[in-house]
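Construct the complete structure from the given sequences, taking the supplied hints into account.
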Amino acid sequence: MKKTILIVLSLILLFALIGWMLFDLFMGRPELEKNPYDFGMKKLRETQIIPAYSEALPIKPALKKITSVATGPEGKIFVAGDGGVETFDFGGHLLNRISFPGIATCIAVMNNNILVIGMEDHVELWNSSGIQVSSWKAIDTSSVITSVAVNKQFIYVADAGEKIVYKYTLQGKMLARIGEKDPSRNIPGFIIPSPFFDVAISPAGDLWVANTGRYKLEKYGNDGSLLASWGEPSASIEGFAGCCNPSNFTFLPDGLFVTSEKGIERVKIYSQDGKFLALVAGPEAFDEGTHGLDLAATANGWILVIDPSRNQLRIFLPLEKK
Amino acid sequence: MEKQNRRQFLRLAIRGTLFGGLALITGDLLFRKGGSLFNNNIMSGPTVWQLDPSKCIQCGRCATNCVKTPSAVKCTHAFSMCGYCNLCSGYFKPGTKNLDTGAEKQVCPVNAIKRSYVEDPFFEYTIDESLCIGCGKCVKGCGAFGNGSLQLQVRHPLCDNCNECSIARNCPAGAFSRVPASDPYLLKGFGKDRV
Numbered sequence: 002m003k004k005t006i007l008i009v010l011s012l013i014l015l016f017a018l019i020g021w022m023l024f025d026l027f028m029g030r031p032e033l034e035k036n037p038y039d040f041g042m043k044k045l046r047e048t049q050i051i052p053a054y055s056e057a058l059p060i061k062p063a064l065k066k067i068t069s070v071a072t073g074p075e076g077k078i079f080v081a082g083d084g085g086v087e088t089f090d091f092g093g094h095l096l097n098r099i100s101f102p103g104i105a106t107c108i109a110v111m112n113n114n115i116l117v118i119g120m121e122d123h124v125e126l127w128n129s130s131g132i133q134v135s136s137w138k139a140i141d142t143s144s145v146i147t148s149v150a151v152n153k154q155f156i157y158v159a160d161a162g163e164k165i166v167y168k169y170t171l172q173g174k175m176l177a178r179i180g181e182k183d184p185s186r187n188i189p190g191f192i193i194p195s196p197f198f199d200v201a202i203s204p205a206g207d208l209w210v211a212n213t214g215r216y217k218l219e220k221y222g223n224d225g226s227l228l229a230s231w232g233e234p235s236a237s238i239e240g241f242a243g244c245c246n247p248s249n250f251t252f253l254p255d256g257l258f259v260t261s262e263k264g265i266e267r268v269k270i271y272s273q274d275g276k277f278l279a280l281v282a283g284p285e286a287f288d289e290g291t292h293g294l295d296l297a298a299t300a301n302g303w304i305l306v307i308d309p310s311r312n313q314l315r316i317f318l319p320l321e322k323k
Numbered sequence: 014m015e016k017q018n019r020r021q022f023l024r025l026a027i028r029g030t031l032f033g034g035l036a037l038i039t040g041d042l043l044f045r046k047g048g049s050l051f052n053n054n055i056m057s058g059p060t061v062w063q064l065d066p067s068k069c070i071q072c073g074r075c076a077t078n079c080v081k082t083p084s085a086v087k088c089t090h091a092f093s094m095c096g097y098c099n100l101c102s103g104y105f106k107p108g109t110k111n112l113d114t115g116a117e118k119q120v121c122p123v124n125a126i127k128r129s130y131v132e133d134p135f136f137e138y139t140i141d142e143s144l145c146i147g148c149g150k151c152v153k154g155c156g157a158f159g160n161g162s163l164q165l166q167v168r169h170p171l172c173d174n175c176n177e178c179s180i181a182r183n184c185p186a187g188a189f190s191r192v193p194a195s196d197p198y199l200l201k202g203f204g205k206d207r208v
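Sequences listed follow chains H and B, in order.
Offset between the first sequence (1-based) and our numbering: plus 1.
Offset between the second sequence (1-based) and our numbering: plus 13.
Hints are computed from structural coordinates only; laboratory data are not their basis.
Among the hints, erroneous ones may be present.
What the hints assert, rightly or not - Examples of chain B residues lying across from chain H (beta carbon under 7 Å, computed):
1) GLY34
2) ALA36
3) CYS72
4) GLY73
5) PHE92
6) GLY96
7) SER102
8) PRO107
9) CYS148
10) LYS150
11) ALA157
12) GLY159
13) ASN160
Since the structure is predicted, the reported quantities are computational estimates derived from the model, not experimental observations.
Glycine included, each C-beta is placed from N, C-alpha and C at the ideal position.
Below is the structure:
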């Protein structure tokens, strides 16, 4: 009897030892301990003020990797990404899906519901029924198209690879290169260290461009002259947190700016002359390291944010209008 | 069942052990991670340790766990990726106002990054490897705000290529692996011509 107990105990000990060895060999991962060389991102990501917006339920597109959002003239929401574009109504119901090969990096919508879709090196136009209207030739081998904007007459294409904004007719004829360094016209040129280079048309019809290496938003005239700019680098809430910010921006119907940043992920609202007004969503609303928070705004003031990390279209509503 | 004598039992045990060992070796050859008879990825030549920047989380262990002092892991700069920013987030602490080379404004704890003027508004940042301790603090700043042109790599002239790398054993991200000595760097970005 004593011998049996001894054998059973020995076997249990042996199995426990083998189990521990196997766990240590294959599963054991050292715990993260305090990093003496910590950069301090945790402290930087602490929100300094309370957001003026609250979040509604997000839209979850079926696209594999979403990149861009735009709103159409009838209030529809267009989400572009890997393999196509999906259209939603305000309630988040899927209305339509257009499929094509490749990744749509950006999208804008004309008044007649024609979609202007930036692929990596060229632009394609599609109608809302999913028929391709035209496909423009590639701009350059080094082109990285990151944003498109459209008004009644022109289509503007931001090329982070060439660090330039192209002005096209609606039919795809290139008319001008905007933002090239020209000291005689006081144009400093675009500095685009990473592929975040956004353009948008304000409700007043002006072309604005994010010069991220200078941490500024710049307004250009029809003749390509630099008319105005604002923006300061700062980790505090009033400024843009260093290099490559604001990564994206859009306009509210009343002309206020909505900006998003990477590094310290946050979405903010600025006045028309660049004064900080409100926080839409702070870093705690996003996963650390999220890049490419593309933005759009609806006619009733909702702010739509592409969240590539969660592959969701996040929706933020003004607190008083929720 | 016929009762075995001690000699038969021992013979059976030795045969079983030999067969089991043979099976283990065969299985290892067939399914080894990073190179097996099936995936034609056997590293036939000598190999060295390297870390994959796309997996690296800048935990600081490259600085503290290497058997060499300072560590054989160094920050390397992918110049073809770099934006040559005036406000380099791998160089300046967040919130720095006056962009000069004051030590108190620098992210690097050992002042191993040298900043030099190129043309308005561009600056070049080079790493003094004799000072760099491989802590990855600048890599974190560059990756978060910039484009990630600063990356940690094992510098092979400095590495002892230990059989069991002390950093690899303690890397929480599993970023270390053995790579062919003929192609020893795993930089992300454009090409491999910039170390």
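Practice problem: Return the status of the interface hint for SER102(B): holds when the least beta-carbon distance to chain H is below 7 Å, violated otherwise. | Solution: holds, 5 Å
Quiz item: When the nearest CB of chain H is found for PHE92(B), is that gap smaller than 7 Å?
Solution: Since chain H brings no Cβ nearer than about 13 Å to PHE92(B), farther than 7 Å, the hint is violated.
Exercise. Grab the minimum C-beta distance from CYS148(B) to chain H and call the hint holds if it beats 7 Å, violated otherwise.
Key: holds, 4 Å
Quiz prompt | Hint check: 7 Å Cβ-Cβ cutoff, GLY34(B) to chain H | solution = violated, 17 Å
Self-check item: Evaluation of the interface hint that places CYS72(B) against chain H, nearest CB under 7 Å
Solution: With Cβ-Cβ at 6 Å, under 7 Å, it holds.
Quiz item: Taking 7 Å as the limit, does the beta-carbon of ALA36(B) come near enough to a beta-carbon in chain H?
Solution: violated, 17 Å
Quiz item: With a cut-off of 7 Å, does the beta carbon of ALA157(B) approach a beta carbon of chain H closely enough for the hint to hold?
Solution: holds, 4 Å
Quiz item: Hint check: is the beta carbon of ASN160(B) less than 7 Å from a beta carbon of chain H?
Solution: The hint holds - ASN160(B) has a Cβ within 7 Å of chain H, the shortest such distance being about 4 Å.
Practice problem: Mind checking the CB of GLY73(B) against every CB in chain H and telling me if the closest is under 7 Å? | Solution: Holds: closest Cβ of chain H sits about 4 Å from GLY73(B), inside 7 Å.
Quiz item: Was the hint right that LYS150(B) lines chain H, CB cutoff 7 Å?
Solution: It holds, given that the least Cβ distance between LYS150(B) and chain H is near 5 Å, below 7 Å.
Quiz prompt | Interface hint for GLY96(B), Cβ within 7 Å of any Cβ on chain H | solution = holds, 2 Å
Self-check item: GLY159(B) as chain H interface residue, shortest Cβ-Cβ below 7 Å
Solution: At 5 Å from the nearest chain H Cβ, GLY159(B) passes the 7 Å test, so the hint holds.
Hints 1, 2, 5 from the list above are not met by this structure, while the remaining hints are.
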